[in-house]
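Chain by chain, the residues:
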Amino acid sequence: MSDLAAAVPARMSRQSPTTESRFTRGVLIGVAIFFLGLFLLFPLLVVFVEALRGGIGAYFAALKEPDTVSAIRLTLLVAAIAVPANLLFGLAASWAIAKYEFRGKALLITLIDLPFSVSPVISGLIYVILFGAQGYFGAWLQSYGIQIVFAVPGIVLATIFVTFPFVARELIPLMQEQGTQDEEAAISLGAGGFQTFWRVTLPNVKWGLMYGVLLCNARAMGEFGAVSVVSGHIRGQTNTMPLHIEILYNDYQWAAAFAVASLLALLALVTLIIKTILEWRFGEELASAGRQGDIR
Amino acid sequence: MKKLITGAFLAATLAVSAQAQDTTLLNVSYDPTRELYRAFNAAFVAHWKEKTGKTIAVRQSHGGSGAQARAVIDGLDADVVTLAMQSDVDAIVKNSGKIAADWRQRLPNNSAPYTSTMIFLVRAGNPKGVKDWDDLVKPGIQVITPNPKTSGAARWNYLAAWAYAHQKFGGDEAKTREFVSALYKNVPVLDTAARGSTTTFVQRGIGDVYAAWENEALLALKELGPGKFEIIVPSLSTLAEPTVALVDGNVDKKGTREVAQAYLEFLYSPTGQKLAAKNFYRPYQIQHADPEDAKLFPKLKLITIDDPLFGGWAKAQPHHFGDGGTFDQIYKR
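Order-wise, the sequence lines are chains X and L.
Numbering-wise, our numbering puts 184 at position 184 of the first sequence, and it's gapless, one number per residue.
Numbering-wise, our numbering puts 173 at position 173 of the second sequence, and it's gapless, one number per residue.
Everything labelled a hint here was simulated from the structure, so no lab data went into it.
This structure is a prediction, so every number in the text was calculated from the model and none was measured.
Some clues are possibly wrong.
What the hints assert, rightly or not - Below are the DSS-like pairs computed for lysine-lysine, each with C-alpha atoms no more than 30 Å apart in a straight line: (1) X:Lys64 with L:Lys149; (2) L:Lys274 with L:Lys222; (3) L:Lys332 with L:Lys168; (4) L:Lys222 with X:Lys64; (5) L:Lys131 with L:Lys49; (6) L:Lys332 with L:Lys149; (7) L:Lys168 with L:Lys299; (8) L:Lys54 with X:Lys64; (9) L:Lys299 with L:Lys222; (10) X:Lys64 with L:Lys49; (11) L:Lys301 with L:Lys222; (12) L:Lys175 with L:Lys185.
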């Protein structure tokens, strides 16, 4: 095992432009692993140790508590709405950007990135200012008895906003790289617009798309700041898992807080594992995409 | 893809059906009342069932008192608010008109069913020998208190120190300022809210003395074991009157006025008063508290905000905590 590990970089280093000694490389790798362990693995471990401190029975009892169940359900609901919404938007936006030339394209790309650069607190506040009782549309909404902020719709809106770029950002470079030859070929062979999209474009980007959806999902479930502003913190009603963790922690219910945290961490871990598998698959697909295009 | 969409609809229907209950009250409260209302809500739901045969549910929302008031102004659908300070309820009156202006006259004791005060929490054995406010200005002592700009508790602390100095120096304003200024020089961290300060002092182990809500300190002793901390009662403090109010605009819209009013009145009932004492608030009528709970609240000189020294929140708030107020003046130096 160690022979193999040593042999591979040694062979590669002949072609590699970097010529650091084995010692330097070892130190660099060591430092990277040390920091990874200290700042990522150790805290992750602590979450699970703290969660299970009271025993496995207490762990599941904490997860079965009605307010916690409601928080889990709300988080899943929000993700189940926000992720498909951003999937549709991301596909549409990246399709438009990659396959067509139009005025304001650069502006559109910048706008898609906006949620990345804006603080989540602001992402939440804009919805309070728009739809809150004192907001621009507040009086109008109230006259119809529609509640947006401090209710599920507000949480969904804020989540969609912060997760807006994930799918589009993943697809745009991929689609741009692939170009329009495949589509042109399909259309010249008599395929309709939808058929071209369904049979040619979508299969070409499927791994990238899934990757974007995963990242989008992870953020949708984990978002704290923006959701905190629009949630109203009503227990058993408008608390998502991240908000509920903070509440439990401040309630001196540390074991329960860490139990819910461990569940969120597990979701993140599962996402990470799927992401790694996808990256592996997706890398091959991407590398072969050009060649496949030629063969076809 | 299809499965995902079906799943989303399924989840949506589930969430909606879960919310379809007979009557649900929403109590928007501040941070340290979590334990109190958990117990009180259960008692009220049982009481209402017994009295009317109807099943209701009470939902809670907790946060910084000022932020919670802001949320109600912005449309959080509270039936009742149970906030830290009169000024926060007044903010709702002024900015949304959802609460009638005479709210303080509608319930006994200025609409404050329980009160609290500021006391000191010190480490076991009181190693720094803290007894009263003037021990907090001594050099080398670290005092934990939140930021008066954002925290109700911090304002009560500030005013208590101010009142103590005012009394000590016979009303000499310059010396009073100097005293309060020296106290804040000993504060290493200004947290934004009381629970944050509790965490700083208790969990992170920073500071020698924590000027805390009496109810927070008693709760911390109970939750974290009595062996680690001690409570020191100063000679003088402020009487904090957390206030409750019916949100007229919301209850009339939702048709919950009757049950919401009963909810607030139940706070004044013997059961409500007893539960307040159990959760470390000083009940308005101490005779309803269990004797062992009543013992937790020693007598001390308590100054209210309506004392001529402060002249009510309308005057004290801008004078001490507004932009350029006395806090800004002493904290800059």
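Against the structure, the hints:
Restraint check for Lys64 (chain X) and Lys149 (chain L): the C-alpha separation of about 39 Å exceeds 30 Å, so the hint is violated. Taken as a hint, the Lys274 (chain L) and Lys222 (chain L) pair is honoured in the structure, with Cα atoms around 18 Å apart against an allowance of 30 Å. With a C-alpha separation of about 24 Å, the suggested pairing of Lys332 (chain L) with Lys168 (chain L) holds against the 30 Å cut-off. Of the supplied pair hints, the one linking Lys222 (chain L) and Lys64 (chain X) holds, its CA atoms being roughly 25 Å apart against a limit of 30 Å.
This hinted pair does not check out: Lys131 (chain L) and Lys49 (chain L) have alpha carbons roughly 48 Å apart, beyond 30 Å. Using a Cα cut-off of 30 Å, the hinted pair Lys332 (chain L) and Lys149 (chain L) holds, with the two alpha carbons roughly 14 Å apart. Of the supplied pair hints, the one linking Lys168 (chain L) and Lys299 (chain L) holds, its CA atoms being roughly 20 Å apart against a limit of 30 Å. Taken as a hint, the Lys54 (chain L) and Lys64 (chain X) pair is honoured in the structure, with Cα atoms around 26 Å apart against an allowance of 30 Å.
The straight-line distance between the Cα atoms of Lys299 (chain L) and Lys222 (chain L) is roughly 21 Å, inside the 30 Å bound, and the hint therefore holds. Taking the CA atoms of Lys64 (chain X) and Lys49 (chain L), the gap is about 25 Å. The hint holds against a cut of 30 Å. At most 30 Å may separate the alpha-carbon atoms for a hinted pair to count; Lys301 (chain L) and Lys222 (chain L) meet this at roughly 25 Å. With a C-alpha separation of about 15 Å, the suggested pairing of Lys175 (chain L) with Lys185 (chain L) holds against the 30 Å cut-off.
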